[in-house]
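**Q** Listed below, chain by chain, are the residues.
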Amino acid sequence: MKTYNEYLKRIDEVDGRIRAFVHIDREAIHEEARRAKQGFLAGVPVAIKDNLCVRGEPTTCASRILAGFRPPYDAKVVEKLRASGALLFGKVNMDEFAFGSSCETSCYGPTRNPWDTGRIPGGSSGGSAAAVSSGEVPMALGSDTGGSIRQPAALCGVVGLKPTYGVVSRYGLIAFASSLDQIGPITKNVADAARLLTVIAGHDERDSTSVERKGTDYTKALIKDVRGLTIGIPKEYFIAGIDPDVDRAVKKAIQCLRDCGAHTVDISLPHSRYAVSCYYIIAPAEASSNLGRYDGVQYGLRGDESRGMIDMYSDTRTRGFGAEAKRRILLGTFSLSSGYYDAYYLKALKVRTKITEDFTNAFKQCDVIITPTTPTAAFKIGERVNDPLRMYLSDIFTIPANLAGIPGISVPCGFTGEHLPVGMQILGKHFDEETLFRAAYTFEQNTDHHLKEPPL
Amino acid sequence: MTNEKLNEQVVRGVAKLSRLNLSDDELRMFAGQLADIIRYIDDLNRLDTAQTEPTSHAVSGIKDVFREDTVKPSLSPDEALTNAPKRIGDFFGVPKIIE
Amino acid sequence: MTVAYEPVIGLEVHVQLATDSKIFCSCSTKFGLTPNSAVCPVCLGFPGSLPVLNRKAFQCALKVALGLNCRVQEIVKFDRKNYYYPDLPKNYQISQYDKPIAYDGSVRLMSDPSRVIAVRRVHLEEDAGKLMHDQDKTYSLVDYNRAGTPLLEIVTEPVIRSPDEAYEYLAILKSILLYLEVSDCNMEEGSLRCDANISVRACGETKLGVKAELKNMNSFKAVKAGLAYEIKRQTDLLESGGKVSQETRLWDADSASTRTMRSKEEAHDYRYFPEPDLVPFHVPREYLESVRKDLPELPAARKDRLLASTDLSEREVSVLIMEKKIADFFEAAVRLGAPAKAVSNWLLGDIMADLNGKGLTIDNYGLTPFMLAELIGLISSGTISGRMAKEILKEAAQTKLTPKELVEKKGLRQISDQGEIVSIIDTVIAGNEKSVTDYRNGKTNALMFLVGQVMKHSKGKANPDIVNRLLRDRLG
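Chains as they are written, first to last, in numbering that gives the first Met the number 0: chain C, 0 to 455; chain B, 0 to 98; chain A, 0 to 475.
To give an idea of the chain A side of the interface with chain B (calculated C-beta under 10 Å), a few residues:
no.	residue
1	S25
2	T33
3	V38
4	K55
5	F57
6	I74
7	L130
8	T137
9	H267
10	E274
Because the hints were derived from the structure by calculation, they are not lab data.
For each residue, glycine too, the CB sits at the ideal point set by N, CA and C.
Work out the full structure: start from the sequences and follow the hints.
**A** See the structure below:
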C-alpha cells in the first residue's frame, strides 16, 4: 500500500491535469497523519465530495452561493471516517449541488476524465471518481441521487456503490433531493468499497430515514463464488441507442458470471422507461425546496442589500446559482406550484410506485439484476452542456434504483474501441448489499479490468 | 396543449416564486429548454395511475422515528454566527423590513 | 328597508407546546435566553441538517386532539410549506397540509351549552424565529432561538357568531389546554397567539361574505375589540354600497382600529409537498385509547361534577373551573373540610381581587388550601370576624404563617366571652346616655352607633353577633 505522502505527491503530479480537488489542506493532513492512527481504515486517505460537511473546512457544493461557508459540524459519515482512523484528504469537485452528469456545472470548472482529459469524468461525483481513477486517493466518498456515484465510477473505470436508501446517514450531506440522496463509496476495487461501506453504514439518530440495523461487516460478503445466483437481465436496458461497445462489454461480463456458475433469467422492468420523466419531476421539486435556504441571510454569498430584503434574496440567488441550478429550481418550483401539482408532482409519485413494484416483482425471479451503468462511455467536455435533456438521459439506467431505493454497484467491465472504461451495474434487493458485493467481487476476481491504469 | 404549459409568462412567474431574476435572453432560453423537458415528461400521462398510491419515501416500512424530549447543548452564538454575512451583536442582520 | 348583517368568524390559534426541547432538535425552548444561543444546525436550517420529531410534542398534540373531541389521523405525515421570510431559516416551514394530525373536533360553550364551536383541524408545525425592526437603523435583526419551537395550530370552522362568542371560545380553549398541561398559554411570551377570519353577510344569506384576516391581537380582549371593530367597519362598508376586499389587516391597540397589512394579490403559493426528511407516524387505535384513558378531567366534566356535588350556582362553578389551578385549590380546601360555598366566595371574591391587584397567580400567591380552610374554620367558630379574616388572608399569603399562627401572634382572637362583652357594653351605655334614650324612643339607628362604640372599645375584637344580641337585651 502507498503511504499518504505518496498520494499527496501523486496529487501534485496529476491534479493540474485532472482538477479533481477543490480544497486540500496539506498541513492539516500532515498533522492528522502524525497522530497515531488506529481503526478499520487507519491511515487510509479518503477524498470527500464537496457536498459533505467537514467541520471548519470549506464546504461549498461547488457553488458560488456557498462561497466561504465552513460548517460548524461534521457530517455523520465524516465523524465515522475520523473514528475509523481514515485521513480526510480534502474536498473533491462535483456538479453544482450535484446537478449534473459531467462535473461541468461546478463553479470551479470541470474535472477531467483520467482516461482522456478531453472528456468528462461523469457526475455529479466526478471529482471523487477521477481522484480514485488517477490514483490520487485509494477511496473517496460520493453521493448518488440519480446515478451520481455509479455513472462517474463507470466512466472513470472504478467501483462505485449506491447503498440502499437509509443504510448510510444523510446527516451533513447537503441535500439535493432528500428522498433519493444516498452517500456511498467510490474505490479502486470491490474489497475497498466493502471496507468503506462498513465504516460509513449504520443507524444515526439524527437522520429519521436511516435504518436501524445491526453493524454489518460487508467485507465478509467478499466471496468469490456465484454458483446458484440468479441474475435478471431486463430487456428494457439493452436497447437500440446504447453504444454497441458498451452493450458488448456488459454482455461479455454477464457471460463471465454465467461461466462462474450463475444462472440468468430474462426479466422485464416495464416502467423503467418512465424513470427519467418521473425523476425530473421529483428530484427538482425537492431540490427547489432544499435550495430555498440559500438566501444570503445566515451564510454564504449575500447579494446587493441596498434595495431591501426581497431584492437581496433575488440578487443573492441570481448571482449565486449557476444555470443548471436555476433550471432545476424553476422546473421543481413549476411542478409544485398550484395548478400543476396533481398533474406533475403527484403523478410522478404514483409512477414511482409503479417503478418500485417492477423491482419487487423482478426480485421474485432473481437475486440481482445486471444492466449497463450508462448507455455510452465518457463524452467530450462541452458536448451536452447546451442540451439539458440529452444530458439528463445519461442517467437513464441508474435513476430507477434511486426511485426504488434499492442498492446498485458499478464495476469496471471493459473498454470501448476508444479505450474508454465501461461499467456494469448490478442492482439488488433492499438491504442486500452483501449479494451485490458477492457478485461484483466474483466478477472482479475473474477479470483484470480494475487493474488497468489510465494513461496519465 | 403541452407546449403552452411552460411559456415565458409561466417561467417568469415561477422565477419570481423562486427569487431568481432572469434577463430576457435567459427567460427565452429557460422557457425553451423547460418546454422540451416537460414535453418529454408528459410521456407519464400515457400511464394509468388512477389506482396507484403515491410513494414519497424510498424505503417503506420506516416509521415512527422519534427523539426523546431532552435538551442537549446548542451552538454558541459565535458558532451560529461565524458564517453570517452581517452580524450585529448576537443577531443576524438583514436589510430592514418595513411591515 | 334596512338589511341586518351578521358576522361570521373563524379563529386560528397557535399554541406553543410545553416541551423542554424544540420540535425537531435538542435545543432548549426556554424564553428570554441570549439571542441565537439556543440554536443548532437543525433549527438554523444549516445545509445538511435533518429534523427528528420530538415524541413529547407529538403526544401533546394527541392529547389536545382528544381534549377537543377530534378525530385522529391513523397515519400522520408532515409537509413543507415553502415561502421566503428571514425569520424562517430554511425558507420552508415543516407543517402539515392535507392530513392534519386531528380534525373534526368541537368545543362546547359554557354560557350556552347548545352552542358548539366546530374545530376544523389541529396540526403540528415549527415556529419561526423572531425579527426586530427597531434596534438598528439600517438592519432588521434576527434571533432564531424561537425557531423550531413546537406549535399546535387549532383552526375553527367559520361558525362563531359574535366577538363575545369568540372570547368565550378562546377562554375555554385556553382552559382545556391548561388542564391538559400541554402549554403555559402565556400570551405575553407568545405561547398563545390568535388570528381571526371575519366576514359579514346579510342575515338569511347562506353564502359567506368576503373575509378579512385579522392579526396582531395580543390578548383575548384585543380579539374581542378587533372583531367588534371589523364587524362595524365591514357592515358600514356594505351599507354604504361598498365592497369588502379580501386582505390581511392588523389590529392596532393604540388607535383601537385595524389597518391593511397585505392584500390578496400578493398571496403566496406555498407549494406544499410531503416532507421527505420525516417518516410517517402511526397512531394505532389501541394507543389512542390509552392516551384517552390517561387524560385528566377536563373543564366541562369538572363543571358537571362540581354542580352535582356542591351547592354552588352554575355561574360560580363556571368561573371556578376555568382556571385549573383555581379549581384544584378549591377542591383541596373543600377536601380539608371547608364548606364549598365559603371557599368559593373567598376564591371568587377577595382572593381573585388580590391576585389581579398584585398580578399574581394562585400558585405564586403564597396561600395554601390549608390556610384558607383554617381561616374559614376560624370564622365559623367565631374566633375571628369576617373583617379580621380579610386582613389575615392577605397577611397569611405574604408571611406564609397560617391564620391560627397569625391570630395568636397578633392577639387578634375575637372576644366571644359574654361577661367580658357585657362589661364593655355597660361602660358604653354609661357614657352615651343620649343614644340610649334615642334608641328607647324608637330611633333604631342609635343601635348601630352603640354597636360601633362597643367594637371600638374592644379594638374590633368583640364578636359582632354577640355584641348585637347582648346590647339589645341590655337596652330592653
